[in-house]
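Residue numbers (this note's numbering), protein chains in the order written: chain C, 1 to 217; chain G, 1001 to 1217.
What the hints contain is simulated information worked out from the structure, not anything from laboratory work. You may find that some hints are simply not true.
As the list claims (entries may be wrong) - Partial selection, computed: residues in chain C whose CB lies under 10 Å from chain G: (1) LEU6; (2) LEU10; (3) PHE13; (4) SER15; (5) LYS19; (6) GLN20; (7) ARG51; (8) ASP54; (9) ASP85; (10) HIS87; (11) HIS112; (12) ALA115; (13) LEU118; (14) MET119; (15) SER158; (16) HIS217.
Claimed, not checked - Mimicking BS3-like on lysine-lysine, the simulated pairs with C-alpha atoms at most 25 Å apart in a straight line are: (17) C:LYS151 with G:LYS1102; (18) C:LYS202 with C:LYS27; (19) C:LYS102 with C:LYS145; (20) G:LYS1151 with C:LYS27; (21) C:LYS151 with G:LYS1202.
Backbone N, C-alpha and C fix where the C-beta goes; we use that ideal spot for every residue, glycine too.
Protein chains: 2
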Amino acid sequence: MFDYDLLGYLEGFVSEERKQRFVEILKNRTKYITVAIEDVFQLHNTSAILRSCDAFGIQELHVVEDRFGNRLDKNIAMGAEQWVDVHGYQTTAACMDALKQKGYQIIATTPHEDAQFLMDFNPKSPTALFFGTEKEGLSEEVMQKADGFLKIPMVGFSESLNVSVSAAIILQQVTQQIRSSDVSWQLSEMEFLEKRLDWTKKSIKNVEGIISRYHDH
Amino acid sequence: MFDYDLLGYLEGFVSEERKQRFVEILKNRTKYITVAIEDVFQLHNTSAILRSCDAFGIQELHVVEDRFGNRLDKNIAMGAEQWVDVHGYQTTAACMDALKQKGYQIIATTPHEDAQFLMDFNPKSPTALFFGTEKEGLSEEVMQKADGFLKIPMVGFSESLNVSVSAAIILQQVTQQIRSSDVSWQLSEMEFLEKRLDWTKKSIKNVEGIISRYHDH
Chain C
1 MFDYDLLGYL EGFVSEERKQ RFVEILKNRT KYITVAIEDV FQLHNTSAIL RSCDAFGIQE
61 LHVVEDRFGN RLDKNIAMGA EQWVDVHGYQ TTAACMDALK QKGYQIIATT PHEDAQFLMD
121 FNPKSPTALF FGTEKEGLSE EVMQKADGFL KIPMVGFSES LNVSVSAAII LQQVTQQIRS
181 SDVSWQLSEM EFLEKRLDWT KKSIKNVEGI ISRYHDH
Chain G
1001 MFDYDLLGYL EGFVSEERKQ RFVEILKNRT KYITVAIEDV FQLHNTSAIL RSCDAFGIQE
1061 LHVVEDRFGN RLDKNIAMGA EQWVDVHGYQ TTAACMDALK QKGYQIIATT PHEDAQFLMD
1121 FNPKSPTALF FGTEKEGLSE EVMQKADGFL KIPMVGFSES LNVSVSAAII LQQVTQQIRS
1181 SDVSWQLSEM EFLEKRLDWT KKSIKNVEGI ISRYHDH
């Protein structure tokens, strides 16, 4: 059971403006599209992708690297690490399995394969977009087990873009696509409430003390 | 008069594959959309924008900074500086005047203004897209003299993206838009031939010697 009273109590500690902003942002949040990054050693790129997830309303980011949280470039993420949920995995297989079990189709983003063009991609089921490294792209494992391939049409000499740039283009366009479609892309009521509580907690100093006083009274 | 014979002669020095590639890329090149960058002190960003211009077929980039060519980050531009024409200007006013005289409408890209959303932007006349700095955006001069404002819809906490990311998203979508419209976005026949000659020259070692032998024979 969701503790509506606790949420109401804690919301008393944040400004009306902030409360409204959380609700407004949560209305646009989605888990219908999620993002997975195989290589997070280029922290510059991963932090930029995290920022794009926030900007385009993607609530969850999956990274194949356990210690990711400690190594984020906070200057590039610009605070997005607070508002996007980052899930770490030891291996690519573990990441793909977890996402498939949650019902996601795995879409590999790649400039090289005979992939579907971005503007024609209109996901009809929950979709996890996988991004690889700039130089080597995605691992064989993802390429072999993916349910589909997606690419950005390019017409110049260069056949690739920086991975954070590719990701931003794809996330912007795919989220725009689902928002104007009739799929249920929004958070469920419970997901919405839980995030609202989570974000409210994150906005209060010494929230643990406040919560224990709430439970005592 | 265009020197068809010289082009034919010089094309004898490059591989058939490369010749075909030039023609293929030139068919997709456009000057209908052009890009102007006010601040090029962040070379990382400007070099990335140059690469995006190449990838999406934009032939000309305008930069308000005379010494730009010497200070490019070639690791990021990935060779795009050879294939995209970069024009330098001393001042923003000079840049805007030159573009207006060539018949371009000036479109300021900005997250903050009451701007048109990217997906609704369908240019009906030649368009110069202006990009500013990440922190301060475009100068007052551009904001006051622009013919229109354009923004990427964002729904997260962060109200801005890295400028090279914004530019890539906008260039990708605007060029996609014009390619599926009925405006004449392609290079003129003469522009096409001149670029073909220029690129062929750039692909030949000691081309000056070859050209003078051609003129002598």
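Okay, the hints, checked on the actual structure:
1. LEU6: violated, 23 Å
2. LEU10: Given a least distance of 19 Å, the restraint on C:LEU10 is violated.
3. PHE13: violated, 19 Å
4. SER15: This hint is violated: C:SER15 lies away from chain G, its Cβ roughly 15 Å from the closest one there, beyond 10 Å.
5. LYS19: Where the cut-off is 10 Å and the nearest Cβ of chain G is about 14 Å from C:LYS19, the hint is violated.
6. GLN20: Since the shortest Cβ distance to chain G is 13 Å, the answer is violated.
7. ARG51: holds, 6 Å
8. ASP54: For C:ASP54, the interface hint holds, since the closest Cβ of chain G sits about 4 Å away, which is under 10 Å.
9. ASP85: Violated, about 13 Å.
10. HIS87: violated, 18 Å
11. HIS112: violated, 14 Å
12. ALA115: violated, 16 Å
13. LEU118: holds, 8 Å
14. MET119: holds, 6 Å
15. SER158: holds, 5 Å
16. HIS217: Violated, because the Cβ-Cβ distance from C:HIS217 to chain G comes to roughly 32 Å (cut-off 10 Å).
17. C:LYS151 with G:LYS1102: Outside the cut-off at roughly 34 Å; violated.
18. C:LYS202 with C:LYS27: The given pair, whose Cα atoms are some 19 Å apart, holds under the 25 Å limit.
19. C:LYS102 with C:LYS145: holds, 16 Å
20. G:LYS1151 with C:LYS27: At roughly 21 Å apart (the allowed maximum being 25 Å), C:LYS27 and G:LYS1151 satisfy the hint.
21. C:LYS151 with G:LYS1202: violated, 30 Å
The structure fails to meet hints 1, 2, 3, 4, 5, 6, 9, 10, 11, 12, 16, 17 and 21 from the earlier list, while all remaining hints are met.
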